[in-house]
Amino acid sequence: MENLIALLVAAPLLGAAVLLCGGRRLDAVGHWIGTALASASFVIGAILFADMLGKDEEHRAVGQHLFSWIPVEGFQADIGFQLDQLSMTFVLLITGVGSLIHVYSIGYMEHDERRRRFFGYLNLFLAAMLLLVLADNYLLLYVGWEGVGLASYLLIGFWQHKPSAATAAKKAFLVNRVGDMGLSIAIMLMFTTFGTFAFGPVLEATGETGEGKLTAIGLMLLLAACGKSAQVPLQSWLGDAMEGPTPVSALIHAATMVTAGVYLIVRSGEIFNAAPDAQLVTTVVGAVTLLFGAIVGCAKDDIKKALAGSTMSQIGYMILAAGLGPIGYVFAIMHLVTHGFFKAGLFLGAGSVMHGMNDEVDMRKYGGLRKYMPVTFVTFGLGYLAIIGFPGLSGFFSKDKIIEAAFAKGGTEGWILGGVALLGAAITAFYMTRVMLMTFFGEERWRNQPTPSPAESDVEPAAEHRGTHAEPHPHESPKSMTIPMIVLAFGSVFAGGFFGIGDRFLHWLEPVTEHAHGHSPLSATTVTLSTMVVLVIGVGLAYLQYGRRPVPVVAPRGSLLTRAARRDLLQDDFNHVVLVRGGEHLTRSLVYVDHTLVDGVVNGTAASMGGLSGRLRKLQNGYARSYAVSMFGGAAILIAATLLMRAV
Amino acid sequence: MSATAVHSLWTTAADPIQKIDAPNIEYGQLSPTLIVIGAAVIGILVEAFVPRRSRYYAQIFVSVVALVAAFAAVVALAAGGYGTTKAGIAAMGAVAVDGPALFLQGTILLAGLLGVFTFAERRLDPVAHGNRVDSFAAQASSVPGSDSEKAAVKAGFTTTEVFPLLLFVIGGMLVFPAANDLLTLFIALEVFSLPLYLLCAVARRKRIMSQEAAVKYFLLGAFASAFTLFGIALLYGYAGSVSYATLAQVVDGTIETVNPALVGTMGNDALLLIGAAMIVMGLLFKVGAVPFHMWTPDVYQGAPTPVTGFMASATKVAAFGALLRLLYVVLPGLRWDWRPVMMGVAVVTMLGGAIVAITQTDIKRLLAYSSIAHAGFILAGVIATTPDGVSSVLFYLAAYSFVTIGAFSVVTLVRDAGGEATHLSKWAGLGRRSPLVAAVFAVFLLAFAGIPLTSGFAGKFAVFKAAAEGGAGALVVVGVISSAIAAFFYIRVIVLMFFSEPRPEGPTVAVPSPLTMTAIAVGVAVTLVLGVAPQYFLDLAGQAGVFVR
Amino acid sequence: MNPVNYLYLAALLFTIGATGVLIRRNAIVVFMCIELMLNACNLAFVTFSRMHGNLDGQIIAFFTMVVAAAEVVVGLAIIVSLFRSRHSASVDDASLMKL
Amino acid sequence: MSFPLLTATAALPAIGAIATAAVPAARRTAAKWLALLVSLATLALAVVVLVRFDPDGDRYQLTESHSWIKDFGVRYELGVDGIAVALIALTALLIPFVILAGWHDADPLETHSSRWRPTQGFFALILAVEAMVIISFEATDVFLFYIFFEAMLIPLYFLIGGFGDRAHAGSDEHAAAQRSYAAVKFLLYNLVGGLIMLAAVIGLYVVAGNFSLQEIAEARANGSLDMATNTERWLFLGFFFAFAVKAPLWPLHTWLPNAMGEATAPVAVLITAVVDKVGTFAMLRFCLGLFPEASKWATPAILVLATISIIYGALLAVGQRDIKRLVAYASISHFGFIIMGIFAMTSQGQSGATLYMVNHGISTAALMLVAGFLISRRGSRLIADYGGVQKVAPVLAGTFLIGSLATLSLPGLAPFVSEFLVLVGTFSRYPAIGIIATFGIVLAALYTLVLYQRTMTGPVRPEVSAMPDLRVRELAVIAPLIALLIFLGVYPKPLTDIVNPAVKQTMSDVQKKDPQPEVEAVK
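Heads up: the protein sequence lines correspond to chains A, B, C and D, in order. Under the working numbering, the very last position in the first sequence is 648; numbers go up by exactly one each time. Under the working numbering, the very last position in the second sequence is 1549; numbers go up by exactly one each time. Under the working numbering, the very last position in the third sequence is 2099; numbers go up by exactly one each time. Under the working numbering, the very last position in the fourth sequence is 3523; numbers go up by exactly one each time.
These aren't lab readings, by the way, just hints derived from the structure by calculation. One thing to keep in mind: the hints can contain errors.
Cut-off 27 angstroms, straight-line C-alpha distance, at most; resulting in silico cross-link-like pairs (DSS-like, lysine-lysine) [unchecked claim]:
no. : chain 1 : residue 1 : chain 2 : residue 2
1   : D       : 3296      : D       : 3513
2   : B       : 1206      : A       : 618
3   : B       : 1154      : C       : 2098
4   : A       : 213       : D       : 3512
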């Protein structure tokens, strides 16, 4: 049975290979092949899942060793897979949501002449992501880790003719590389400490080494997680990543890839458990990002960017939870899964809206769309309710647990973290309500708007053929797009309840991550109630701001905070000034140095040699008598020297 | 010394001279020299009696036959073991017949043979009035540009005297490295110098420069030989004899019977040191070592190129041979005095030659300076003062002389309206116009630069190795540095030939007769053979590495 | 009289000759100075011969004279031809080739 | 005695070179095919070597030994260890692609005179270089190695100076001037390095009395030859200097950008992917093999230089405006990694370095050759002259991207394996240096992706709008290389199996043990 594991990865990989090498003759069927293979790997996942459920808890984890990858004296890297409950959760999420989004893309990319390639990239992503979660050692995980980075690079920059897209893609890859550096250093540390970097041996041996080493490893892993999961300080790429086609944002930058960081931390739980300092830093990062993303989300008028901010903030929750240690791991993963459903749903909804609105992304040019695209409205609405944690829906269960755990951390930390988590919940409610209202309610601001739309400057080809930039005619999207949205909506409604009630998910995952019940200073009910309260506050504020008053088509200047938030709290500007500018100056000056100094020394020697030569040859002045003089002098010196030699 | 002593000397000196018994001459062992000198005399007779038309052929015949025969004699002697076991002194102690002598004589003879070929080349210059002409003046005595000259050209005169002159030069050179007493050394020096001065003066083109070169060479040469002679006088004064054997014993202080009259001078090392220094200076002048090198560029440039080629190779061979013998046979006892001095000379010679060459613009001057640098390299081998040193120098000389003759022969091919186009700028793009010639010249340049797989590298490695083993590691480092500098200008020429666009009015490459072709071909062949498989020749040089005392 | 003094004389003559070579312009004069140096050598030879009481020095002196004569022949030929083509016997005029 | 396989492998291209040069001027195409066939035959021989080589056998196999220059103590001694075999295979593998890629680079222009036969010369020179490189990988006699180490400069010099990149900004005269400057610079740098090495070679002879690698090693082992510490250090420096110039190591690197910029892309590949490997290879075989103590003594300094090379090269690559110069600086950075791996003195480091030599050869070849195709289409080397190529020539852009990804050593492609091994190997002994070097991978991503973005993406520039996509010949060059990159990235075991024993030997040469992990993890 476990020999199927390799197929999980192989199927989409094959798809990628076929689609990318196949050439134009596959254009007609490319999307079908891609979707088929994605679904195939979902089916395999399902089979393995069924098989796993069949076994009792101890024997659920299975592995498959393919071959020895890099055998070098004292250094053993293998290609091998490990499928336990944790991996399985991810496998199902990835292949499931992935397949849905493949289906969705068939419609969404219908008119793009490079659709075949798009599906090739999507398959490549699936393969890499599965490799990431199935690897049985850190080095192989690293391969998947950078593989998803590559896929995301290709997909963000899919519309390469848009400079903005190309830049965004490059930025994403670079920022991720910084994180990857952390991962590779962590692996090296493991190698020098444990002599191996396979999950099993390393995690078992954590006890045998000092806390310092483990803290270092933990922090490096955290760095990697920050890069992949867009956590402060490496979050800056996620917003720009929205340049990619919307299905990509849904799959990679909401549901799956960005959560890889959480997976990494939870997977390395033993290391973090043994390194409290690393854990503390993790929680702090999570908490900060949680607020950061939420605030940014409040200010963005671009629907996708707003959602991106939300994603950041939600992952902040997960990281926070993961940082809490055994009391949080399960909930981190649980929130990860539910978030996968509703956030993917929300993005697909947004995509559907854009689809109907000539790819307009500015929410201020939306409004009152609910009657034009009912399905989108309903599914989006459910996703909305889920994310703000409306009682009974997915978000409610998962997020609530995290807040509880945060308090349960105990001590001042506990209070602070818990407080932040609560605050975050309030802001979440605010900005999501804002999105909801601006898009689906209020007057139809898109009527007789001044065309062309701001999207004119860089038009997606998807829009080119849709041609007309005149007044948009909002319409519901084709089935291929709505059905996945509906499915995801189901997920966002029921997943949480299914997992939460009776701690099903907890028991499922506990054998891998082990779970500890923290002692929260507040009772579960208190927490739930307070959550409800902040929820109401958030929604209320948003309603007052955007529901009651008309939304101006042109964004008002806004408060300092708003303006800062629009610019991602100036983080990009900081990067630009410090890193980009500084880097440019550095390289330019180095080029100068290389040319004048390093090269100059050599050329200088040559030149001076030439000068010396020029001066010496003046002695050769053509006068026989001066030659005679030199001979005479030479003779004199010769004699003198000889005598001198004898003298000394 | 006291008056009585002087009186006694006088009386002894005044004794009635007993009858002189006839000296016994080993004609067989001296045959190479005798053959060449004899041929030279015959050449004179040819000039006197053979009609002008057929002189040219007669002279070539005589010279070639003589040189081949002489070479055969050398080989025979070497085969007869005179280079090793039977090595000895001939002609009443005047001439040594031993390994180094024979090896160098062989080299000189071969160089001379190639020299004759290049001398006899008559296809390069355009035919004048229906007569093929070589590189020598129609009538050396006539004033350049005068009517008499025109008449001579019209009449198709040629200076066939160059062949006997060349033979005299070779004859002198054969004796020079073999000379076993200072007198013979001096005579040989003059015998090969004087005709060489004349040969420099008889160029067909650019005669003024040719004569200027001759004057400079003559005056400075005579000046140098005066020093040598005075040095000889002082050594004679020191040891009371000019024979190497005696000198060596005196210098080592191993002489058994001390003539009481000599006690005074023998104690006086000043005589010895100054004398030695002056003789060495004369030899250094001939090899063109800094600071006695200044004649080299001018003479090399002014002299007819075939002469330059021959001179550049053969003179070095002969002079270094003599230098080796002097230093290794006569002055080994003085090693600790002359080694440091020679090291100094070697260093300035290597660096000086290489550095000044960088900015040269005339190919012949460039090669002149490169020859100076090479003299420095060879000196490094001389300083080793080991048998290895000797053999390495011998090998280097052999390798070097062929490369040099070949290179200068190529120079004679590149011509424009004014004769040979020696200015470097005219060589631009030669590789495009006639790849073969350029490639051949490139091979020679690479050999000069000491690139592996050429004879230049083998030779350089040999001398540096010897020097390093002889404890002169510093010299090796300097040598390496100056080789790097030298590489720069050799490469400059290659760049010029291959990578720069040819000039429209650029020179043409004359198609030579088989004579010059032979010279060049032999040059290339030796260069490559000595580069790839030098072992046999190293063995030869190795066996020849021992001087007879 | 002590023969050593002849040596001093010889050295003196030699130096005078050398100096002449260095300072005089006229090729002929320069050449004569060289001859002077050679003769200085001869003087040295005979003096030493006298001191050592063997005849080698005197024989060498004869050789030297012959060589000197030969040098005269060659030298004058060259110098004269140069003079005829340049109408000047100054060694400094003969400086076409330099650097 | 058996068939002299190694001699044959080196001699075949040499003979081929002569034959190619002899092809008459009119029969240009014949010369090309002849050269290609010869290179393929050589590849076949190299494969035979690969097969005949037994990783677990003696250190040096297929050995040949003949007396050559007795007086210099020089023998004609050939023999290969795993490292040499790998590099010979690399060389023999790349040359056919180089020839194929340079198919039209040396077609004569109208201006050339009829006697000037550039095409024959071009391919003959390439084969000559191959022959010399191969034999210098095989030589186990220091002098023999030195001879070809030096001699190979000459054909390369003519390749650089004589057959420059025709896509040159500026007039022909300017181009020619640039070219010969680059050629001379290349030659002088390496010649000076070589001459300094010559001094050391002579010194070695004075000390050791012969040049045989094995004899000297044995003599040192059984104590019959002990060098004074200072002597050994001086000799080491003499050797290392030459190799560092060839490699090239900062600050001796400045010849490489000029050479690679001015030469045609295939020649650039020849330089950086094949010839420069001789330098790093020689460090491994001669510096460590002959002077273990001195190597250990010099290690800290060399590691610092290597680290500088890594970062410095990468930063300069970021600052370049010329595609080929960019690749050149990238190579400098990579050579920094190789040298670091060699002198980290750990099994992982040295295996990694050896793999790195091979992988870097392949990846640079891929990237540089595609770049060459690109440049030949547009006729410019400036990054700024491109844009939006992927829209008109997707396949070209795709291959270019893969080449770039290989250059930034993306996991799954061959270079990742070697780079990670080098990093781990260095880190385990010198953590600080390892971490600094790790920054190199971020910079690598920067310069490659910036290059890709500026040239391939964005709106299509009018100049490139008519650009044709890769032709069959060009695909035939690139596709195998890419396949190889992927294969060696996923399954490098065949290579490591050959290399590991040799590395073990080298480690024992320098008597170094790998640092042990502080915890012996339960396996």
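Tell me, in ascending order, the numbers of any earlier hints that this structure violates.
Structure breaks hint 3 only.
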